[in-house]
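Based on the hints, put chain B in the right spot on chain A.
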Amino acid sequence: MAPTALAMLLVFFYPLVMSLWTSFHYDVFTQPERYHFVGLRNYAVMLRDDLFWNALGKSFIFFVGTVASTMLLGTAMALLLDRELGPFNWVKTLYLLPMVIAPVVVGIQWRFMLNDTFGVIPYLMKALHLPTRAWLTDPGGAMVLLIGVDLWYFTPIVILLVSAGLATVPVEVREAAKLDGADSLQTVRYVLLPILKPILVVALLIRTIGGLRAFDTIFIITEGGPGRATEVANLFAYKLGFRFFDMGKASAVAWLLLIIAVALSGLYLRALRGHTATV
Amino acid sequence: MRRRLLRLSSVAIFLLLAGYLLVVLFPIYWIVVSSFKIPVDTLAIPPAWFFTPTLDAYLNVFALNYYFRYFMNSAVVSAGTVAIALSFGSLAAYALDRVPFRFSGLVSYALLTTRMIFPIVYAIPLFTLMQRVNLLETRSGLIIAYTTFSLPYAVWIMQGFFNGIPTELDEAAMIDGCSRFGAFWRVVLPVAGPGLAAASIFILVLAWNEFLFALILAGGGDAKTLPVAAAQLIGQREIQWNELCAVATATIVPMVFFFILFQRHLIKGMIAGAVK
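Line by line, the protein sequences give chains A and B. Just so you know, our numbering puts 109 at position 109 of the first sequence, and the rest follows in order with no gaps. Just so you know, our numbering puts 130 at position 130 of the second sequence, and the rest follows in order with no gaps.
Rather than coming from a laboratory, the hints here were simulated on the basis of the structure. All C-beta atoms, glycine included, are put in the ideal place defined by N, C-alpha and C. Don't take each hint at face value.
For the chain B half of the interface with chain A, some residues (derived, Cβ under 8 Å), not all of them [stated by the list, open to error]:
#, residue
1, Y20
2, I124
3, N209
4, L212
5, A231
6, W241
7, L244
8, I252
Pulled out of the complex, with its shape left as it was, chain A reads as follows (with noise of 0.2 Å):
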């Protein structure tokens, strides 16, 4: 048993180890000769680089986004989904089904979706004579977009926790409001929002992590484009050790990002301190 434990700890923290190894030399991969130990060099290169602060931006622009419309879309699909559909209950569950789709193909479908010149939204946009725009073409419409495919992608796990933590609460908590004389609305926001709270928290913090994680999509829509309007922290790393070859300078960009996002995830945490973590 505990050989399997210290098989694990030696999978995942070796490659850790490594990149930071990894971020403290020159190393890049076409030329490795010229492969020395550099300290902190490419940490200090990368925070005075003008791209690593517009993804990082860009990063933030995106998570901030994406949680935030995924925060209030999930859970407010969840709270209308908690009903009663008799028959039809199965049909709840066809709202989770984007969770299983490759983001792969989430990029290729709407990619197709909306090319302009064959996709069908421009077309049904015209048609219903709604604002048309050149989404993949526009620096602040691919954004926009690419945090709606994230919406997407996304919500059905919002909406998953959100009902899980719902059908914790006791029948008698629902009656109890109702003979107080509270209608639906008033119930949700003095009683099923405090009561969510915890599970709220466990979402956000899925969705930030998931948020400044994205790649997939990215990748695939826009590839960080037009010109960098959509290069998120993690495409940049990406391009900079495998476009580039920069082996060092990326691990330094991964290693970054890492720390905000611990930092982030350490105040969620304080936060959820304050409540009781169970579910």
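Only chain B this time, still in chain A's reference frame:
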């Protein structure tokens, strides 16, 4: 007066739910349907809502090109990942739960933190490592790489389930003459069946849909998985959209299939994996 308002809000809610469902299902429907169209229909504007279906795209992609191999790669890698994650994971979870190990808490916490780590942080050293031991562009290499995320989930989910199994069961088994491992293998594990199902389905989906690792560690050769193959079709100059849709559909159909069959387990797994 109250009742009329109530009915109005019910209608509104129904519309909202229906509308949202439409948004959720339409993209999936569109991609699947488009894969059965001839190229002219696929790109038609106004969109060809009704058309004569054809299997051309699938024939081209899977029979004439290598995509069947990529499908098999995905299958093998996913199955392998599940197998390894479950075997090592359940063992470790059992150990963590049953054996009073000084560092159990630390290990559990460490596992939690690994889930916070972005794949890109692992990807770079894994690439260098695998390159040195010649494991790039291999299915085994991918399976090993995937353990970085499949194992934590396996351990996490199984730990939750083992927690719910009373230790009396183990003790009874050991009194009857089983060794520690025997108790695990013959008694506790079967009881934790649902846990295994939940974990395997969850990890299967995760492994099948994995892109970044597959791209970096096996993006160029014979061990390509389906998601990577689909993505690379886009890079080409003239995208054959109906074929792309065929590959995309092939990528999602198995997972949708598993979803419908095993949703209860999948959901259990996701909740167990997400909630502490």
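For each hint given before, does the structure comply? Return the numbers of the non-compliant ones in rising order. none
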